[in-house]
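Asker: Here are the chains, one letter per residue:
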Amino acid sequence: MSTVVCFSAILALALNFQWGLGGMVNFGLAGFYALGAYSCALLMLKGGFNTFFAALGAMGIVALVCGLVALVTLRVTEEDYFAIVTLGVGEMLRLVALNEDWLTKGALGLTGIPRPLGELIPPPVYLYFMLALSVVLVAACVWVLGRLSRSPFGRVVRAVREDDVVAATLGKNVLWARVRIFAIGGALIGLAGSLHAFYFQYIDPTQFSTIVIAYAFMAVIAGGRGAHVGAVAGAAAVMLLLEGSRFAKELVPGLESDQLAAVRIIIIGIGLIMLLIYRPHGFMREYRLQVPLKHSPGQARPQPPKEAPT
Amino acid sequence: MKGFSRRRILKTIGAAVAAPIGAPFLNLAHAQGSTIPIGVALPMTGNAGAYGPDMGEAAKRTVEMINKAGGILGGRKLELIVEDSESSASVAANLSQKFINVHRCQSLVGYWGTPEGMSSRPIAIQNKVVLMVSSAANAITEGDTEGYVWRFQMKATDWGIVISRATEQRLGFKSVGVMGLQNAFVLPIMRVFEERMRALGRTVVDSLVYNPEQPSYRAEVQRVFGKKPEAVYCFGLLPDFVSIMREVYRGGFDSKVVALSIAADSEGKFVNAVGADVAEGIRHFQPMPDVSAPGYKRFLKLMGAPADRVYLFPPNTHDQIAIAALAMEKAKSPMAVDWSKQIIPVGNGPGEAVDDLVGALEMVRGGRNVNFQGAGSTCDFTPNGDQIGRGMGQWIIKGGKSVFVEYAKP
Amino acid sequence: MLQTAFNGLVTGIIIALPALAITLLFGVLKFPNFAVGSMMTVAAYMVYALNVQLGWPLLPATAVVAVAFGFICIALDYVTFRPLRDRGGITLMVASLGLGFVLENVARFAYGNAARSFAIELARPFRFFDIRMNREQMTAMVVATIAMALMYVLLTRMPVGRAMRAVADNPSLALVRGIDSASIIRWTWFITGVLLAVGGVLIGMDRALEPPMGTSYVIAVFSAAILGGLGSPLGAFVGALLIGLVSELATLVIPPNYRIGIPLCVIALVLIFRPQGIFGQMYIRR
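Protein chains in written order, with my numbering: chain X, 17 to 326; chain P, -7 to 402; chain D, 89 to 374.
Watch out, some of these pointers could steer you wrong.
[Claimed, not checked] Have a look at the derived ranges for each label pair, beta carbon to beta carbon:
(1) P:Arg301 x X:Val88: 56 to 62 Å
(2) P:Val329 x D:Ala137: 52 to 58 Å
(3) X:Arg171 x D:Ala163: 51 to 57 Å
(4) D:Glu209 x P:Ala297: 35 to 41 Å
(5) P:Gly273 x D:Pro145: 25 to 31 Å
(6) P:Ala297 x X:Ile227: 36 to 42 Å
(7) D:Ala163 x P:Ala299: 53 to 59 Å
(8) P:Glu187 x D:Glu209: 37 to 43 Å
(9) P:Glu187 x X:Pro296: 46 to 52 Å
(10) D:Ala137 x P:Glu205: 20 to 26 Å
[Claimed, not checked] Partial list, computed: chain P residues near chain X (C-beta under 7 Å):
(11) Ser111
(12) Gln174
(13) Ser284
[Said to hold, decoys possible] Derived EDC-like pairs (lysine to aspartate or glutamate); straight-line CA-CA distance at most 16 Å:
(14) P:Lys52 x P:Glu71
(15) D:Lys118 x X:Glu94
(16) P:Lys390 x P:Glu272
(17) P:Lys90 x X:Glu94
In case anyone wonders, no lab produced these hints; they're calculated from the structure. Quick reminder that beta carbons are idealized off the backbone N, C-alpha and C, glycines included.
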């Protein structure tokens, strides 16, 4: 179970990077996640790649598709329009996964997916290996993203998020920055998808439903938009909440299982809304450059940077 | 905001995440010499949620019966761990891992739906644990299962064979249309059915696949029914079938309709949803136990049910536990790697045909050979784990009620 | 082919009402409401309760629920969206996503997963030249057209409507002119509630009632509103008809199970090349 938390953590990191840092909302997260998992699986099953290269390949494919989406939607600068477009793309991807049986075996799904070092490590120990690998990868992602955020590229990313017109006038290549932001996030999603495929060894379209995006948003918002470690902690907290609510079944008699399942999702929805209302900055802060403001008495005090909308 | 320091939060989360890692080391009370755990994954919620509870009840009563008669392997009692698979592949996979690693089960039973079976198959084979499913999709037993995957249900392609034979012999339609839900177990049924119809010289006017949860099925109905075949075979599930039949009725189409019982009956939900007029004349098929068999009658008594009750799936769960117990007894070992090889001997024989489980256990203990006849079927298997000898029931809806027509074997 | 076109018109009419609701909400409140599908589902189940469980005929049941749901929407806005009013489109969108999950599962909690139907007579169709039309389709077309006409009158002739358009067009100017934006917002949600209740009933008549029923329409509804131009009521109507027509006619060339791809492509193409849609107006949000 904790291993699955790691995949959600990587997804949260991706969303955080694309939206929290880059201001590009990816509502199609579930579809891209599916793309990552299926790419990895197909590269291994049909392409004969080994697990390492298949995962890399999947990361590349999702990064490429995300980059293309960013490129094609360069004119769509409104945040919510962009979100709707990504929702559309995500849904298209899932539709293709469901219907193109010649490629994806449709609803039957792909089974027998190999896992990294699967031959070498005996099954009982393997779970620990998988967990360790996932945790290491999460840490690696946090480190890489952290470095990126503090780098000049990171500053460009944040500038584009706050006001892309200003960023453009300052000579930053806004379009290229957006493409790169989205592509990097895409690579992370591809990694999460590959890990998912390795862990379950069986993927079908129903595993990638829209609720994934709700979890990812909760994780990012709870952890503080823009904060990488926060996103990971948020993901863990959300998964805890989910798994914990499964046990609520024992505590609440008199409700049928169907109703309890519905109640769990109601709690998630309400949780999401309450997070937005009461804790929009989450529990941790984004890394911000502290620059002391100097001003002389006669000058108007410079305006503070525009507050991030959530 | 104060008081939620970063450190505290990270520490709590870290602890919570670490806890499940330590769980296997707690080895919850399954030390050698005590109970034998059996993992049961059943759909209590989700699409198939209607079927889980009865299957769980069957499992419970079967185990109670065995334990009351003294258990197996020198008095060891069977212990059930029942969990909700939520009709979901990933949940089932997690459950399977949990059963194997935390509860040390050597048998996984239940597994009604295809996604659950598909996702748990590699886990079972890798861990050398027996997986017994009650789902139809062929893919579950394809390839090398190393003797660990066993199907207590009719294979999907067999459904297609039986339905096409019934069409040929009884229904006599000359032209048919076929519609199927994009779903793992429907597609093989459709394919086999179409092939056989063509082989028998019937015309297949059109065949299409549709997605679940579409806003409307108008276009699909228009396309297939519009070509006016004598009958349309609609292989889907309840929600889409309801929408489709409403569309058919309102569109004024005359073709007869044949479907699967999980769509057209579903414990009466279908007629409730569309009304008797729309449902009139629809035929439906479903694999079912041979209700005239002594094994089934015995099962009814075990469940405390009236003599005319038709249970579609719970007899399979009973049989799964029965065969597991018998195989363990015959192999004199609770480890799946030993008793998985005994499943065919106790199910197929050669040996004395017996349907009384307790009696059969006695005989096996005494070193005699048995050929167990189960509640859901005669429990005869092919080497790759499929069950043979299962039949399907055919019903027709008249006056708002499903009327049994006949029982047919593949 | 004519039959397919007719079917397309019917589909379009059904999504016209929720598309109108979306476009009004977007115009006045400036965010896309993803809970629109689940709202229709809940309203439809409320009508089901009156119609099937209490035995009321469908028309009075719908009327009562429409009014009640208008108030319910105001309440939902008060609880969910009002605290987030100044936070920007994305926050509101994510909140509406959460609300959508909640509402769909409230319906699931109350009524379970099985498909149900309203207690109306299903009748055989009658033919008009070569086209088959059935009673529900006729009802839907009549009802939706009446609703559209009423909306038109409301928005152009009545003070409330004009105020709504003013707020949509230029909120600060409307404020200066003394228009009480809180009251306008309440009116907008009330009208939304009525539209979605009627829309939900039309959908429920067209197919089975089940918890995911409204959500499966969300993509098509948004596509219609965007095509017509977010913020333009006439656009919503025209957009809906077009989406319906194109989706159905497309099944003559592409496999039917890809039908949902059409609205998706329309969304992407419109937002990329002409975000204001057919009738909408370009607006810069800053």
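Asker: Flag every earlier hint the structure violates by its number, smallest first.
Answerer: Numbers 3, 9, 13, 17 - these are the hints that the structure violates, sorted from lowest upward.
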